[in-house]
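S.K.: So the sequences go chain by chain: A and B. Mapping the first sequence onto my numbering, position 91 (from 1) lands on 91, and the numbers just tick up by one. Mapping the second sequence onto my numbering, position 93 (from 1) lands on 93, and the numbers just tick up by one.
I should point out that these hints are in silico values taken from the structure, not numbers from a laboratory. Virtual Cβ for every residue (Gly too), placed ideally from N, Cα, C. Just so you know, not all the hints are guaranteed correct.
To be verified - Here are the simulated DSSO-like cross-link-like pairs (lysine-lysine), alpha carbons at most 30 Å apart as the crow flies:
no. : chain 1 : residue 1 : chain 2 : residue 2
1   : B       : 42        : B       : 2
2   : A       : 71        : A       : 9
3   : A       : 57        : A       : 14
4   : B       : 42        : A       : 14
5   : A       : 83        : B       : 42
6   : A       : 57        : B       : 2
7   : B       : 42        : A       : 71
8   : B       : 42        : B       : 109
9   : A       : 9         : B       : 42
To be verified - Stretches of chain A that chain B covers, calculated by requiring three or more beta carbons in the stretch to come under 8 Å of a beta carbon on chain B:
no. : stretch
10  : 30–43
11  : 106–112
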Amino acid sequence: DGGITQSPKYLFRKEGQNVTLSCEQNLNHDAMYWYRQDPGQGLRLIYYSQIVNDFQKGDIAEGYSVSREKKESFPLTVTSAQKNPTAFYLCASSAYGTVSGNTIYFGEGSWLTVV
Amino acid sequence: QKEVEQNSGPLSVPEGAIASLNCTYSDRGSQSFFWYRQYSGKSPELIMSIYSNGDKEDGRFTAQLNKASQYVSLLIRDSQPSDSATYLCAPSGNTGKLIFGQGTTLQVKP
Numbered sequence: 001d002g003g004i005t006q007s008p009k010y011l012f013r014k015e016g017q018n019v020t021l022s023c024e025q026n027l028n029h030d031a032m033y034w035y036r037q038d039p040g041q042g043l044r045l046i047y048y049s050q051i052v053n054d055f056q057k058g059d060i061a062e063g064y065s066v067s068r069e070k071k072e073s074f075p076l077t078v079t080s081a082q083k084n085p086t087a088f089y090l091c092a093s094s095a096y097g098t099v100s101g102n103t104i105y106f107g108e109g110s111w112l113t114v115v
Numbered sequence: 001q002k003e004v005e006q007n008s009g010p011l012s013v014p015e016g017a018i019a020s021l022n023c024t025y026s027d028r029g030s031q032s033f034f035w036y037r038q039y040s041g042k043s044p045e046l047i048m049s050i051y052s053n054g055d056k057e058d059g060r061f062t063a064q065l066n067k068a069s070q071y072v073s074l075l076i077r078d079s080q081p082s083d084s085a086t087y088l089c090a091p092s093g094n095t096g097k098l099i100f101g102q103g104t105t106l107q108v109k110p
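Sequences are here, hints too, so could you generate the full structure?
M.R.: In C-alpha cells form, the structure reads like this:
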C-alpha cells in the first residue's frame, strides 16, 4: 500500500537529548513537510523539502534539523536547543509542481513528550 | 492579520442540520484551497479541494470559493455525529506551501 510511515508513534525525550523522528513515503512524491501541532492549535510548518538534497526552513525551524538524502525519506531531529518540544509531529508529502499537486497527505503522526 | 483565519468554535449543530464552516485568507496569490478533517489525536485527512470560484460538491460536502473576497467555506449537509471533528482550512500560497488555519471544532449533537 502507498503511504507515509512515521516512527515511532510515541517517543519520550529526556532534557538535553536529541531525538530523531523518521518519515518514509512510497508515493513517489517530490515534496515532503514536517508540521508541529500543539494541543488545541493548528499546524505550524517546521521544515519542507521540494527536491532531494534541498530543504527550507518553515515558520518554527529553531531547534530542529532535517536531511533529505533520499526522495522517500525526510527525518526530523529535535535538538536539545528546542526548549519546548512536547507536541504532535506530522510528516506530509505532496506531488508538488502543479496546482492539484499541492494536495498534501499526512502520516499518522508522532507524539513526543519531554520527561 | 493572520494568513488564514477560522472561527475556532465550537460550532454546535443538531444531527441532520447543515453545518457551515468559514475561512478567510490573506494571500491573494493562493491558487488551491483544501479542507481537512482532523479527529482528536489523529492526523488530518483531506475532505475536499477547490481551485475555481464557485461551488464544488462531493456527497454531503460542498466547498465554496470566492477569490475576490478571499473567502472559502465548507458546507456539510445532513450532519452526523461522526462529523464531529476539527476542520482545517488550508490555502496554498504562491510558493506552493499549504498554510493552515487553526481549525474550527464542529460538534454534531444527536
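S.K.: Determine for every hint whether it applies to the structure shown.
M.R.: Do the hints match the structure? See the list:
no.: 1; hint: B:42 / B:2; result: holds (25 Å)
no.: 2; hint: A:71 / A:9; result: holds (22 Å)
no.: 3; hint: A:57 / A:14; result: holds (25 Å)
no.: 4; hint: B:42 / A:14; result: holds (25 Å)
no.: 5; hint: A:83 / B:42; result: holds (24 Å)
no.: 6; hint: A:57 / B:2; result: holds (19 Å)
no.: 7; hint: B:42 / A:71; result: holds (25 Å)
no.: 8; hint: B:42 / B:109; result: holds (21 Å)
no.: 9; hint: A:9 / B:42; result: holds (11 Å)
no.: 10; hint: 30–43; result: holds (count 6)
no.: 11; hint: 106–112; result: holds (count 4)
Of the numbered hints given earlier, the model fails none.
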